[in-house]
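Visitor: Those protein sequence lines, which keep their order, are chains B and P.
At position 5 of the first sequence (counting the first as 1) the number is 13 in the numbering used here, and the numbers step up by one without a gap.
At position 56 of the second sequence (counting the first as 1) the number is 64 in the numbering used here, and the numbers step up by one without a gap.
Since the hints were made in silico from the structure, they are not lab data.
Small disclaimer: the values here were computed from a predicted structure and weren't measured.
It is possible that some hints are incorrect.
Claimed, not checked - BS3-like, lysine-lysine: derived pairs with alpha carbons at most 30 Å apart:
| no. | chain 1 | residue 1 | chain 2 | residue 2 |
| --- | --- | --- | --- | --- |
| 1 | B | Lys165 | P | Lys235 |
| 2 | P | Lys180 | B | Lys165 |
| 3 | B | Lys165 | P | Lys32 |
| 4 | B | Lys235 | P | Lys49 |
| 5 | P | Lys235 | B | Lys180 |
| 6 | P | Lys194 | B | Lys165 |
| 7 | B | Lys235 | P | Lys78 |
| 8 | P | Lys194 | B | Lys32 |
| 9 | P | Lys165 | B | Lys180 |
Protein chains: 2
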Amino acid sequence: MSGKLTLVGVGPGDPELLTLKAVKAIGAADVVVYPQKPGEKSLALSIAEMHIAGQATRLPVNMPMKVERKPAQLAYDEIAAAISSLLNEGKSVAYLCEGDPLFYGSAMYLLERLPEAQIAIVPGITSLTATASAVARPLAARNETLKVLPAPLDDEKLIAELTETQSAAIIKVGRHFDRVRNVLTKTGHANNAIVVEYATQDRQVITPLLDFAKDERPYFSTILCYKGDEAWGK
Amino acid sequence: MSGKLTLVGVGPGDPELLTLKAVKAIGAADVVVYPQKPGEKSLALSIAEMHIAGQATRLPVNMPMKVERKPAQLAYDEIAAAISSLLNEGKSVAYLCEGDPLFYGSAMYLLERLPEAQIAIVPGITSLTATASAVARPLAARNETLKVLPAPLDDEKLIAELTETQSAAIIKVGRHFDRVRNVLTKTGHANNAIVVEYATQDRQVITPLLDFAKDERPYFSTILCYKGDEAWGK
Numbered sequence: 009m010s011g012k013l014t015l016v017g018v019g020p021g022d023p024e025l026l027t028l029k030a031v032k033a034i035g036a037a038d039v040v041v042y043p044q045k046p047g048e049k050s051l052a053l054s055i056a057e058m059h060i061a062g063q064a065t066r067l068p069v070n071m072p073m074k075v076e077r078k079p080a081q082l083a084y085d086e087i088a089a090a091i092s093s094l095l096n097e098g099k100s101v102a103y104l105c106e107g108d109p110l111f112y113g114s115a116m117y118l119l120e121r122l123p124e125a126q127i128a129i130v131p132g133i134t135s136l137t138a139t140a141s142a143v144a145r146p147l148a149a150r151n152e153t154l155k156v157l158p159a160p161l162d163d164e165k166l167i168a169e170l171t172e173t174q175s176a177a178i179i180k181v182g183r184h185f186d187r188v189r190n191v192l193t194k195t196g197h198a199n200n201a202i203v204v205e206y207a208t209q210d211r212q213v214i215t216p217l218l219d220f221a222k223d224e225r226p227y228f229s230t231i232l233c234y235k236g237d238e239a240w241g242k
Numbered sequence: 009m010s011g012k013l014t015l016v017g018v019g020p021g022d023p024e025l026l027t028l029k030a031v032k033a034i035g036a037a038d039v040v041v042y043p044q045k046p047g048e049k050s051l052a053l054s055i056a057e058m059h060i061a062g063q064a065t066r067l068p069v070n071m072p073m074k075v076e077r078k079p080a081q082l083a084y085d086e087i088a089a090a091i092s093s094l095l096n097e098g099k100s101v102a103y104l105c106e107g108d109p110l111f112y113g114s115a116m117y118l119l120e121r122l123p124e125a126q127i128a129i130v131p132g133i134t135s136l137t138a139t140a141s142a143v144a145r146p147l148a149a150r151n152e153t154l155k156v157l158p159a160p161l162d163d164e165k166l167i168a169e170l171t172e173t174q175s176a177a178i179i180k181v182g183r184h185f186d187r188v189r190n191v192l193t194k195t196g197h198a199n200n201a202i203v204v205e206y207a208t209q210d211r212q213v214i215t216p217l218l219d220f221a222k223d224e225r226p227y228f229s230t231i232l233c234y235k236g237d238e239a240w241g242k
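Kindly generate the complete structure, drawing on both the sequences and the hints.
Guide: As structure tokens, this is what we get:
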């Protein structure tokens, strides 16, 4: 394989949060690959689009909407095979990853499928730090532990991790919102928790957790948790 | 205060890991403030320097080398007072933060001292994601918990946090290296742990934890921990 693959973190949504290194990698690519869900415009593409060279090939990859892992894994098999052919032809390929490629990103699925390829990785701004900047509160400071907890974890695990913890971020909230809110109420984090939807995008919304009505749910969100009694934003 | 303060994350060291937004904020500032330790060139300045406008004022702030908090807190009192005066004069001020302003950064000390100021925050690439990119291994994936653990935490706390945990990053390693290595050996993470010194800088070095000799210690490092038996990089 004489070509080179660059896994490019494109950040959380604001196109100005691309790094100079990402801009350079995107502009230099012969082929730009990006994930796309059926019927949706790719967020990664919309962030990077203005930097793609005019003569470059765009290769959208259809990702299944399913929660099950099998269809997604088959999609990555296909992407890896396509990228492998391009690298054999000597092409330079950029694969766009929302946020950071290795922070809960999909880049690992390509890394494990392309052990022979020459691969560079450009880190990106995560939704984690973007969310903290949006609300202007530290994620963690001094010698605090910071925990990143995916919402699909079961209640028992979430409660165990949160109980003695000052600072945490809940990611992948989605359909787990009601359950997570109950957990945070039990662990003493709810009063100070902040929900950020679509961090850094034009449609960004910041809402204290307890301000959501019973049947309301946030979209595309991260919840920042701080233990303490002082309510946030009041 | 008619001026505006921007807290700018400048990333871990590679100047190309500045975001477009950071470059713009740095270039637009009337005054660029950055922390500096006695006898050292400021890392934040060296990352951002080429983007500072020719007519801008540079305001280095001497940070004490002490571990104690009191002298550092007094230094932040002074910085906040100086920035406050500049904002009252209508100046735009950029304060450079290594990494991300709110990920164990010093920006919180300014936020709490300048409640009246108009403040924008530009997130930066953290040493955490930079380190993962350097070693090309995921920080965490799927529904794993990711823990960021400052090395000064005592052994009991570190062991408790690591025991049931697949993925963790140990930050602020410094003089705690020997103790942390012992802890990781006890918790089963040592075999797979990777030490990255000076991530993304020209002097970056990547070393499996167990390859350090008994009297050797890494500088300016983050340790990525993965539980499992398969040794890394062998």
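Visitor: Confirm or reject each hint.
Guide: Okay, the hints, checked on the actual structure:
1. Lys165/B x Lys235/P: With Cα atoms ~18 Å apart, lysine 165/B and lysine 235/P stay inside 30 Å; holds.
2. Lys180/P x Lys165/B: The hint holds at about 27 Å.
3. Lys165/B x Lys32/P: violated (43 Å)
4. Lys235/B x Lys49/P: It is violated: about 38 Å lies between the C-alpha atoms, which goes past 30 Å.
5. Lys235/P x Lys180/B: holds (23 Å)
6. Lys194/P x Lys165/B: holds (22 Å)
7. Lys235/B x Lys78/P: holds (25 Å)
8. Lys194/P x Lys32/B: violated (44 Å)
9. Lys165/P x Lys180/B: holds (27 Å)
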